Structure formats: structure tokens, C-alpha cells
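**Q** Letter by letter, the chains look like this.
Protein chains: 2
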Amino acid sequence: MLELAILGLLHEASMHGYELRKQLTTKLGAIRAAISYGSLYPTLRRLQAGGWITEEATPQGAARAEIPPLTSRRGRVVYKITAEGKERFQELLAQTGPESYEEPGFGIHFAFFARTDAATRLRILEGRRRRVEERREGLRDVLSRAAERLDAYTLELQRHGLDACEREVRWLEELIANERSGRPPQIDQANPPPGRSSQTETEEPR
Amino acid sequence: MLELAILGLLHEASMHGYELRKQLTTKLGAIRAAISYGSLYPTLRRLQAGGWITEEATPQGAARAEIPPLTSRRGRVVYKITAEGKERFQELLAQTGPESYEEPGFGIHFAFFARTDAATRLRILEGRRRRVEERREGLRDVLSRAAERLDAYTLELQRHGLDACEREVRWLEELIANERSGRPPQIDQANPPPGRSSQTETEEPR
DNA sequence: GTTGCGATGTATCGCACCGATACATCGTTC
DNA sequence: GAACGATGTATCGGTGCGATACATCGCAAC
Chain A
1 MLELAILGLL HEASMHGYEL RKQLTTKLGA IRAAISYGSL YPTLRRLQAG
51 GWITEEATPQ GAARAEIPPL TSRRGRVVYK ITAEGKERFQ ELLAQTGPES
101 YEEPGFGIHF AFFARTDAAT RLRILEGRRR RVEERREGLR DVLSRAAERL
151 DAYTLELQRH GLDACEREVR WLEELIANER SGRPPQIDQA NPPPGRSSQT
201 ETEEPR
Chain B
1 MLELAILGLL HEASMHGYEL RKQLTTKLGA IRAAISYGSL YPTLRRLQAG
51 GWITEEATPQ GAARAEIPPL TSRRGRVVYK ITAEGKERFQ ELLAQTGPES
101 YEEPGFGIHF AFFARTDAAT RLRILEGRRR RVEERREGLR DVLSRAAERL
151 DAYTLELQRH GLDACEREVR WLEELIANER SGRPPQIDQA NPPPGRSSQT
201 ETEEPR
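Each protein sequence line maps, in turn, to chains A and B.
All residue numbers for the first sequence refer to our numbering, where the first residue is 1 and numbers rise by one.
All residue numbers for the second sequence refer to our numbering, where the first residue is 1 and numbers rise by one.
Among these hints, one or two may not hold up.
Copies of one chain are not kept apart here, so a pair can be met inside one copy or by any two copies together.
[To be verified] The calculated lysine to aspartate or glutamate pairs, modelled on DMTMM-like cross-linking and capped at a C-alpha distance of 25 angstroms, are:
1. K86 - E55
2. K22 - E126
3. K80 - E168
4. K22 - E103
5. K80 - E102
6. K80 - E179
Calculated from the structure, these hints are not laboratory results.
Since the model is a prediction, treat every value here as computed from it, not as a measurement.
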């Protein structure tokens, strides 16, 4: 799941790990607190091993290779998505399985909807809705035959959960209606979304 | 975290794994879909190793030890909490750290509030509120200086997350007010919560 | 002036938990 | 009689997290 998010961000611009984490935190702030380095770096390693991303030369140029003997001088490592990585990103984007309907998978997919085709968007939104409805029904069941002798606090928790489910279903309904009406939010102000086609082709080094 | 939940349920009654999972699913249904066996059994193993729980004899009595040669005849294994386990449960219940303010820790603690002392309840509720408020502020920041050039879908996600935060803070406020007024939900109908002090002292075997 | 602190930055380790899978029994339905 | 779904125990690989370590830089306090 993290792979999708990282490829998505690196698709927009090359970055080093620290920056990546910050961007992930704001982009996915609604669905998870903060990405741990214990997840980030191993995932970067994995992506690198798969050939989806590569290391770029550091801003200081050759400096990094020059001073390995003492203190090892670890410079910032800038990661860049490869052509295969872009393909992989598209593949992951279009992939809809059960994990696209659960958190955090749903949230991550949703965060990249601007680069997802309309059919996939709809499939994911409907899949998610179904899931949340099931969850909602489960909670309703427990609450109705509350003979389940659950204490008041536990019941309160279920009530709050049920409320959240109902709210999310309504939210999803709205989004689905928007999608169907062919009026998705897409670009509202002035946001050329992924490609940044104009200007510099290569990232300026500092 | 699972340890707390399992000890809590076994505190109420001895059970085998399958039943435990079902009960966990309904008790914690509001905060997580279903507990995986890949979590449950290792945790039971861990609890057993720590001496917090023990295996009870299976209903069929000696049958289990008799027929190991062929087909190994795996019977149901009933787990029972020990005296040390009850102590451990109290200890975990009273323990308030950062993980008691995050999901899923918060939800699990909350689910056992009926057996938590009032001071701890209040501390957890306030800690949680603080956390959610921080999260809310973070989302507000991102949304206000939306110059963060996030696309419309990502913004919609943040908006939904912000809404959920605001709602939860209000919910927590209410709960905290209730706690302070000394009128916690506790036992509303007729639910003698943990001890089941009357009737059978030893669990009747089927 | 140095000292100490917070931000930037890379990285690993152990652990908790999940999803998939395997295997076995039992009762009911066709 | 066999096919299926519920009950039941258990493991395996993988993902992600929290804690921790280490290093640099700029700036504010003393």
C-alpha cells in the first residue's frame, strides 16, 4: 500500500526520504498519523530492488563518493521514479481488490483519484460503500439485539461507530452521484495535476 | 493491545479460540473488522508463556490425551485466565500511555471502561481528545493554506477527515462532561458487569 | 564562545498484526 | 453419499510501527 503512495509522490517530483515522509504525512494526514521510517526506508529499498525507483546524484555532486573513509559522510539520497515505476504505479492504481475497500487502502487510492480513470474510481467507491454498509449492518444488529449483554460503554462505542458508518455511506453516496453525473471534483482552481509538463524537465539541483 | 482485550474477555468467562474471536469481533466491532487468527493464536501463546492464562481440560475429558497416534485428534482448547492474569489485566487497564490515545488502543481501552476506575477513564478520554484536536488542527492547517496544491480529491479526503475529527471531539466532550458530573453510563439496565459474584464459582463444563 | 537544542537527514531492529492457507470435524441439505 | 458451510486449531510470509542510533546544521541562550 505504501508502495502506491510513494510511487505517486515520486511521480510528481523526485525527493529524498525525509521530504517524502513529510509529503506523505500531509497527503495522507486524513487517514493515518505519520508514516514511520521503519516503513518508509524498507519500502524504498523494495522499490529500488524492483527497479521502480533509482537514486539520483546528490546535490553536492561527487562529494558523496569522495569522503567515505572517515565519518562515512552520509548525504541525502534523492529518489527518482523510473519508467517501469510509472507503469507499476498505473497498475497499482487500477488494481481493485478487497484491500482497496478497507482502510488504509481505500484512503490511499482515494488520495490519488485525480490520476485514476473514472471507471476505477467508481468501482472503488462502490466497493467501499458496500463494505461500510456491511459494517453498519453488523453494528446495527449488535445494537438492536443488545441483549448481547454488553455494558453501557461498549454500547456507546458501537453507537459512535455506527454513526461514523452512516456518515461515511452518505459521503460515498454523494461522491458516487458526482462521479455518475460526470461532474467529478477534479481540477477546481488551477491545479495542473501530475505531469508539470512545462518548465524544467530535469529537477534543478538546489 | 490484543492482550488486554483477550484478558478482558477471559476475565468474564473461559473460552476457546474460535469463540474468543467471535466475541472480540462483536465487542470491538466498532473499531476493527475482525481479529485474525494470525494475531489471536500467537497472542494466546504469549499469554500462556507469561502465565496469564492456562489451558483447561476439554469437555470430552481424557479423550484428548487418549487418541494422539492416528489423525492426532485435535480437540478444542479452552483458555482460562489465572490469578496473575487478572492482576495483569488490571495493570494494563490502568496503564495510560500515548498508545491509549490512538486507535486501536483507545477503542480497546474504552471497551473495558466498565471495569476501569473513574480517574483512569478521565485521563484516557482527555488524552484522546488532545490527540484528536491536534490531528484536527493539522488538517485545518492543510486545508486553509490549501495553496499546498493538493488536488480536489485529496482535499475532499481531508475535509471528510476533518469532519470526523470535529465529530469525535464533540463526542469526547460529552463523555468527559458525563464523567465529571459523576453520571457515567455504567450499568443502565441490569448488567452486573465483571465479577458475576453469585451463582457458580467454577465454570460449568457444558 | 560554547553549549545545547531542535530541525533535518538516513537507517535498523524487534514486534504486533494481518491475510492466506492448511487441515480436521460435524450437521444439514440435495 | 457427497457436497457445503459452520466450527475449530494452527502456521507462514509480509507489512508496518515504535524505539533507537547516529550525524549535520543553524541559532538562541548563557
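**Q** Looking back at the hints listed earlier, which ones does the structure fail to meet?
**A** As far as the earlier hints go, 2, 3, 5, 6 are violated by this structure, in ascending order.
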